[in-house]
Amino acid sequence: MLKLKVNDIDVEVEEGTTVLQACEQAGAEIPRFCYHEKLSIAGNCRMCLVEMEKSPKPIASCAMPAAEGMVLKTNTEKVKKARKGVMEFLLANHPLDCPVCDQGGECDLQDQSMYYGIDKSRFKENKRYVPEKYMGPLIKTQMTRCIHCTRCIRFATEVAGVPELGAIGRGENMQITTYLEKAMESELSANVIDLCPVGALTSKPYVFEARPWELKKTETIDVMDAVGSNIRVDTYGWEVKRVLPRINEEINEEWISDKTRYACDGLKNQRLDTPYVKINNKLKPSSWDEAFKAVSERIAKTKSEKIAGFIGDMTNMETTYAAKDFFEKTIKSENLESRYEKLYINTNVRSNYLFNSSIEGIEKSDLIILIGTNPRYEATILNSRIRKNYLKNKTEIISLSDVGDLTYPYQVMSNNTDTIKDIIDNKHEISEKIKKSKYPSIIFGQSVLKLKSAPYIFEEFKNYLLENNKISDDWNALNILSKNSSTVGSYDLNVLSKNSSYEILDKLENNNFEILILFGQDNLNFQKKNEFIIYIGSHGDKGASIADVILPGATYTEQDGYFTNLEGKLQKAYKASYPPGEAKEDWQIINELSSFIKRKNLYKDKNQLIDSLINYLNLNNKNEADFEVPEYNFKSEKIITEEIDYYHSNVIARASKTMSECKNIRMSLPKTGTDS
Amino acid sequence: MAVKKISKVQPEKFEFNKKNKETADSIIKNYPSGKQQSAVMALLYLAQKQNDNWIPLSAMKYIAKYLDMPYIKVYEVATFYSMYNLTPVGKYFFQVCTTTPCMLRGAYNLVDVCKRKISEEENRLSEDGKTSWLEVECLGACVNAPMLQLNEDYYEDLDPTKLEQIIDKIGNDEVPQPGSYRGRLSSEPENTRKTLIGNKNA
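Chains as they are written, first to last, in my numbering: chain P, 1 to 676; chain Z, 1001 to 1202.
Hints in this document: simulated from the structure, not taken from any laboratory. One or more of the hints may lead you astray.
Once the Cα atoms are required to be at most 30 Å apart in a straight line, the calculated DSS-like pairs of lysine-lysine come out as [said to hold, decoys possible]:
1. Z:Lys1035 / P:Lys388
2. Z:Lys1162 / Z:Lys1130
3. P:Lys657 / P:Lys204
4. P:Lys133 / P:Lys388
5. Z:Lys1115 / Z:Lys1008
6. P:Lys38 / Z:Lys1035
7. P:Lys127 / Z:Lys1005
8. P:Lys394 / Z:Lys1065
9. Z:Lys1005 / P:Lys182
10. Z:Lys1115 / P:Lys364
11. Z:Lys1005 / P:Lys133
12. P:Lys303 / P:Lys3
13. Z:Lys1065 / P:Lys663
14. P:Lys433 / Z:Lys1035
15. Z:Lys1004 / P:Lys127
16. Z:Lys1004 / P:Lys133
17. P:Lys394 / Z:Lys1004
18. P:Lys392 / Z:Lys1061
19. P:Lys303 / P:Lys600
20. Z:Lys1035 / Z:Lys1073
Turn these sequences into a full structure, and let the hints steer you where they fit.
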C-alpha cells in the first residue's frame, strides 16, 4: 500500500493505481475525457491535470502511477488555470452546435465546460471541418465534434476485439475512421456511442428522437440472450426510445450487445394489439370475451391429455409459473414444455443446467474449452469476458469446432464426439490440460445437448470432472450456455416433460395434440395439421401466423417479470411502458382465461402470484429421486455448432428494422478479415 | 497540411519483389519475435521505393498481412508521416520546405513558382506527367533557407529564378547540380568566414 496526500487528506492506495484514482479515493473530482476505467490509458486529452509537489509542471493524473509520499493538489489556482487552458483548446475546434446535437444534456464536454471552462473564446480563426464518416447502420458520426480522446479506438481494439477503428492523419487534421469507411463488424460496436464524451459518435436509429431529460428512465434487464444484461430503458410516452447499459460488474460490466440496444424498435412493429379469432379460416379482430369464449369452448370439448402448452424464449417466470398452474389446476394436464428442441437436461441439481463458472469467474479461468457453442453470437457479453481473460492471461482456449472469428485466437480440435470420449478416457492431450489446470471452464452449447449421444457426453464428462476434482464448492468447471432468457427460469420451475424426456415434443411432431397453447413460443418445428392453436404473445410472427386464436400479450418492457440468467441469477425486469391497444400482461391473460374456464381466478392479484412463485422456488429443492438418468450409449457423430441468425434470433429482433439493416450489411461483408 | 488523400486510381495487386522481400525479412529479424509489427515503417518505405515513390492501398494491405496486423494500423502510420506518398508522384518530386526559417527567407515565392510551372495544386502531376510538388515541414537545412528536396537531393539557397531554371532543366530530363545555389559549401558563412579563422580544418 502506498501513502499519498491529496489536498491535505491522507489516502492509502494499492500499488499500480494511478494518481487519478488516488485523487478520487480522497474525494477529489478530476475531470477527464480520454481516461476510462475499462480501457487502457491514453493520456491525450490533458483534462486531468493536477499539481504535484516538486514538479514544476502540472501532471496528467490519469497516466501517472501513484507513488509513495506524493503530495497532490487538485484545487489550486494553477490547476484551475491549467484546466481552463485545456478546455479552451478543446473548444477551439469544437462546433457550437449543442442545440442540434444529440449528445446535448448528457455531454461530458458540455458539463465539464460549465464547471471548468471559461465563458468566452479567444479563437477567432476558422474552425476545422471534418467530413462525416460512415460507420455502419448503428453509429452516426459528426466528426467535427470529435476531440480525439481515442476511447472508441481503444474500445474497438481492446474490448470488442475488432481493430477496425483508427486515427488517420495527425495534429489538427487527425480523423477517427474505420478502414476505408466500412461498417464496424462487431456485436458490441454501439458501445462506442456511450463511450464518446462528445457528440461525435451518436446513435443513428435514435437521431433527433428525444432529449435525455424528456425521457422516463426505467432500470431493468435485458432478455435478448440468456446473459441478462442490466439495462436502462428510456421511454417517451408509450414508445421505448432507447436502451442503455447499466453497470453491473458481475454480468455485463458496462457494455451491452447491439441486439440488446437496438432491437427496441421491434417493440413497436408487428405488434398484436387486439385479440383475433379465426373465423372461416381468416383471423378476425375480436373482443377479449369472444376470444376467451372460443378458447374455453374448445378446451371444454377436448380431453386434457390432448392439450399441450409451450413456453417461449423470452417469457418471464411469472408467466411460466402461471402457465404451469393453469395447466395443473385449470386444465389438469402435464403437457407443458419449455424446450423447442430435444435438449438433454438433467434436472437433478440446478448446477446441471447452469453456467457454473459464472460470467465473472471466466476472468480467472486458466483453460477454456468450447464444445458446440459460438459464444460470440450466443452470448456476446460473455464472449467479451473470455476475450478479456485472453488479453490479460493469454489463456489457452480450445474449441472443438471451427466457429469463425471469436475475437480471440483459439485452437480447433476434431469436432467428432470421439474427441470427447478420448478426453474422458484420458487418451487426448486435452485430458492432461484439464488435469493440470486449476480453474478450467468447459462450456457446452445447446448444440451438444441436442445430439443423440448428449446424455453420454454430459453425464460422463461430469463424472470425469468430478473424478478430477474440477467440480467442488470452490470451482465448478461444468458450464451450460443457454441461448434464451427464459431457459434457466423454466428449468427452475420444472417446466419440462417428466424426466426431461422428449415425449411432448415427439407427440407434437406426430400431431397427437388437439390444442396447442403457445406462450410466446415461435420456434416450434412441426407441421400443423388439425391442431387448434392459441397464441399468447406480443408479436405477429411464426406463432401467430399458425394460430386460431391470438391473445395479445406484453413484451419485457411492458410488464414486471423475473428472469433467471444463464448463471442462475434471479433478476427482475421492470415495467417501463404498457402493452399497446387491447393487449394485456401475460399473467393477466392466463388468469382471466382460467376464470373464464373454471369460473375461478388462479390468483387474486400479481402479488399473490409472485409470493407463490418465490415460495415454489424456495421449496423446490430438486431432489435426486425426481430425475432418473436414462440409459445412454456412446455414438460417434459430428458436433455441429448450430449457426444462429444473430440479428434475427427472436420475435422482437425480427420485427426491428435496425436489426434487419445490420443483418443486410453483415451479409454483404466478406466472410473473413483477410478478404478485401 | 490536410489529411492525405488516397489516390482514386489504385493498382490491383502489390507484392514485394525478390530483393525487397529479402530486405523486408532481414528488417523484421531486427525485432524480437512477435514484435514484427515494429517493422511497419521500414516496409512501407520499401514499398514506396518499389512502386514509383508512392504507396497504393494494396501495398498497405500486403504489408498488414505480411506483419500480421490490422489494416487500419498500417493505414494510420501511412497517413501520419508526410514522407509516405499515397498518390502517384512525378518522376521528379519537389518537396518545398515552408517551415518558419525557410518561410522568412521566401519559401512561398518558391511555392508560387511550383504552382505556376508544375501544377496548380500540391500532389498533382504536371502536364507532362513527370513532375509534382509538395509543401513539407522542416527538412533540417535552415541555414541554407529557402530550400527544397528534389527526389533524394537538397537544392539550397534558392530564389524564384533559380528554381525556374531547375524546373526547366528537368523538363529536358537533365538533373541539375544539387547543393547551394549561391556557391556555398554546405553551410559555411555567406561571405568570408568570421570565426575559427586560424583553424584549417574548420
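For each hint, the structure was consulted:
Proposed proximity of Z:Lys1035 and P:Lys388 is supported: the alpha carbons are some 21 Å apart, at most 30 Å. With a C-alpha separation of about 19 Å, the suggested pairing of Z:Lys1162 with Z:Lys1130 holds against the 30 Å cut-off. Of the pairs offered as hints, the one joining P:Lys657 and P:Lys204 holds, with about 12 Å between alpha carbons and a cut-off of 30 Å not exceeded. Using a Cα cut-off of 30 Å, the hinted pair P:Lys133 and P:Lys388 holds, with the two alpha carbons roughly 29 Å apart.
Restraint check for Z:Lys1115 and Z:Lys1008: the C-alpha separation of about 22 Å stays at or below 30 Å, so the hint holds. Between P:Lys38 and Z:Lys1035 the alpha-carbon distance is near 25 Å, which keeps this suggested pair within the 30 Å criterion. Restraint check: the Cα-Cα separation between P:Lys127 and Z:Lys1005 comes to about 20 Å, which is no more than 30 Å; the hinted pair holds. Straight-line distance between C-alpha atoms of P:Lys394 and Z:Lys1065 comes to about 22 Å, which keeps the hinted pair within the 30 Å bound.
Taken as a hint, the Z:Lys1005 and P:Lys182 pair is honoured in the structure, with Cα atoms around 17 Å apart against an allowance of 30 Å. Only pairs whose Cα atoms come within 30 Å are accepted, and Z:Lys1115 paired with P:Lys364 is rejected, the gap being roughly 63 Å. A C-alpha spacing of about 14 Å is found between Z:Lys1005 and P:Lys133, which places the hinted pair at or below 30 Å, so the restraint holds. With a C-alpha separation of about 77 Å, the suggested pairing of P:Lys303 with P:Lys3 is violated against the 30 Å cut-off.
Using a Cα cut-off of 30 Å, the hinted pair Z:Lys1065 and P:Lys663 holds, with the two alpha carbons roughly 27 Å apart. Our distance criterion of 30 Å between C-alpha atoms is met by P:Lys433 and Z:Lys1035, whose separation comes to about 28 Å. With a CA separation close to 19 Å, the supplied pair Z:Lys1004 and P:Lys127 stays within the 30 Å bound. For the hint pairing Z:Lys1004 with P:Lys133, the CA-to-CA distance comes to about 15 Å; that is within 30 Å, so the pair holds.
With a C-alpha separation of about 37 Å, the suggested pairing of P:Lys394 with Z:Lys1004 is violated against the 30 Å cut-off. Under the criterion of a C-alpha separation no larger than 30 Å, the hint pairing P:Lys392 with Z:Lys1061 is consistent with the structure, at around 28 Å. Between P:Lys303 and P:Lys600 the CA atoms are separated by roughly 20 Å; this keeps the pair inside 30 Å, and the hint holds. As the CA atoms of Z:Lys1035 and Z:Lys1073 are separated by approximately 14 Å, the hinted pair is consistent with the 30 Å bound.
This entry does not satisfy hints 10, 12, 17, going by the numbered hints stated previously.
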